[in-house]
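So the protein sequences, as listed, match chains E and V. The first sequence begins at 1 in the working numbering and counts up one residue at a time. The second sequence begins at 1 in the working numbering and counts up one residue at a time.
Don't take each hint at face value.
For identical chains, the list gives no copy identity; a pair is met inside one copy or between any two copies.
[What the hints assert, rightly or not] With a straight-line cut-off of 25 Å between C-alpha atoms, the simulated SDA-like cross-links for lysine to any residue are:
#1 LYS14 <-> VAL92
#2 LYS14 <-> SER91
#3 LYS13 <-> ILE167
#4 LYS203 <-> VAL173
#5 LYS203 <-> ARG182
#6 LYS108 <-> ASN157
#7 LYS108 <-> LEU208
#8 LYS13 <-> VAL92
Worth flagging that the hints you see were computed from the coordinates, not collected in a lab.
Protein chains: 2
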Amino acid sequence: MPRIVEVRRNILKKNDLLAAALRDRFQSAGVFVTSLVSSPGAGKTTFLERTLTLMAACYRVAALVGDLATDCDAVRLRQSGAPVRQITTGSVCHLDAEMVERSLEGWKLEDLDYLFIENVGNLVCPASYDLGEHLRSVLVSVTEGEDKPLKYPTIFNTADVAIVTKIDLASAVGFDRIALLRNIESVRPGLPVLEVSARANEKLSAWLDLLDRRVEAPRA
Amino acid sequence: MPRIVEVRRNILKKNDLLAAALRDRFQSAGVFVTSLVSSPGAGKTTFLERTLTLMAACYRVAALVGDLATDCDAVRLRQSGAPVRQITTGSVCHLDAEMVERSLEGWKLEDLDYLFIENVGNLVCPASYDLGEHLRSVLVSVTEGEDKPLKYPTIFNTADVAIVTKIDLASAVGFDRIALLRNIESVRPGLPVLEVSARANEKLSAWLDLLDRRVEAPRA
Chain E
1 MPRIVEVRRN
11 ILKKNDLLAA
21 ALRDRFQSAG
31 VFVTSLVSSP
41 GAGKTTFLER
51 TLTLMAACYR
61 VAALVGDLAT
71 DCDAVRLRQS
81 GAPVRQITTG
91 SVCHLDAEMV
101 ERSLEGWKLE
111 DLDYLFIENV
121 GNLVCPASYD
131 LGEHLRSVLV
141 SVTEGEDKPL
151 KYPTIFNTAD
161 VAIVTKIDLA
171 SAVGFDRIAL
181 LRNIESVRPG
191 LPVLEVSARA
201 NEKLSAWLDL
211 LDRRVEAPRA
Chain V
1 MPRIVEVRRN
11 ILKKNDLLAA
21 ALRDRFQSAG
31 VFVTSLVSSP
41 GAGKTTFLER
51 TLTLMAACYR
61 VAALVGDLAT
71 DCDAVRLRQS
81 GAPVRQITTG
91 SVCHLDAEMV
101 ERSLEGWKLE
111 DLDYLFIENV
121 GNLVCPASYD
131 LGEHLRSVLV
141 SVTEGEDKPL
151 KYPTIFNTAD
161 VAIVTKIDLA
171 SAVGFDRIAL
181 LRNIESVRPG
191 LPVLEVSARA
201 NEKLSAWLDL
211 LDRRVEAPRA
């Protein structure tokens, strides 16, 4: 099906160009942009909620949240006091750079220190779409099974940090920590891994330190 | 982007034709085909493992399992004694009718009573692809949060039954059963809902009864 491949390649190329322009814009505005990708229900929103609340004390933070339907997440995240906009994708299974660009309209990026972009819950498709972010985080919860990095390698290969969520549930689900760490390492040697519980407010400091350092991943 | 929409429409049309042909083939071979869709880590494989093991005593069962990478699931499921084939999709985020058709090559469908198709872990894209199945089940685990039906309505709208998994973890995660049932009902009034734990072997009988009745969903 060469025609389909060609159309898909053009879409991705267009997205890459838009994402590069977005990254330049973020750069000159001095805003550090982090995206969050995971399966549905891995705890992205709870994690982001805690992050926004903790960071709002010292920084000017904002967020974009993607979902197929509803603005539940935006409503929830606004409790943190940060400005939050919902991107509703309809039937589209990922965010792209154009959606991000459109949803920033009217925001003065210079007034922000950190912008977070929560992707649609999907461990596959978001891997292919650069959003112009400086740091891409992939979240995987202890309830999902230790084999996820092996079965969804692409997202681990495009991420800059892996965040193991819901560690407060580790013993209830019989989580095999060593197996998960080994599987992440085998798919993506050297990928930094953080282990957190946003619900129990555990071990979030390593994450905040990482954001504080604003270390950008080198981009091709 | 009219060209992309058109290409996508043609892909889906081609898939629907292939799926209809598959359904006819399944029908005349007398094999009842059930697909399983969920987020990564909702417990599809454990659930299917229990299902195959329990059914193998009375029926001739087989399974196809989709993943981006690895044949871990096929290896695991073969422990049940049933024939199992892995479909490795590479970067494709869903199964389609053509993949199913190709992977059936060499199997005599007349020798089967039940065929199960485990889709790639993804709560979005599989909704659009008919696989010729008689029954589509969507699984959602108690660890994922009660809002999933609202945020991923399409898959609930194309499913014939919803299966709430990992109910043994309900109290550990503070699961709000009423909220989930209400959200399923609001998205898809009347959708049958089963609540199970494959790990604890709980309440699987309603599922086996449903399969036993071989009730087909009416198709457009």
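Going down the list of hints, with the structure as the test:
Taking the closest pair of Cα atoms, LYS14 and VAL92 come within 25 Å of each other both inside a single copy (17 Å) and across two copies (20 Å). In the homo-oligomer, the alpha carbons of LYS14 and SER91 lie at most 25 Å apart both inside one protomer (20 Å) and across protomers (19 Å), since each shortest distance falls under that limit. Taking CA atoms no more than 25 Å apart as the test, LYS13 paired with ILE167 passes in neither setting, with 38 Å inside one copy and 44 Å between copies. Both within a single protomer and between protomers do LYS203 and VAL173 lie at most 25 Å apart by alpha-carbon distance, with minima of 19 Å and 19 Å respectively.
For a Cα distance limit of 25 Å, the shortest separation of LYS203 from ARG182 inside one copy, 21 Å, qualifies, whereas the shortest one across copies, 34 Å, does not. Proximity of LYS108 and ASN157 under a CA criterion of 25 Å is satisfied in neither setting, with 32 Å inside one chain copy and 39 Å between copies. Taking the closest pair of Cα atoms, LYS108 and LEU208 come within 25 Å of each other only inside a single copy of the chain (24 Å); across copies the shortest separation is 57 Å, beyond that limit. Taking CA atoms no more than 25 Å apart as the test, LYS13 paired with VAL92 passes in both settings, with 18 Å inside one copy and 18 Å between copies.
Consistency with the previously given hints fails for numbers 3 and 6, ordered from lowest to highest.
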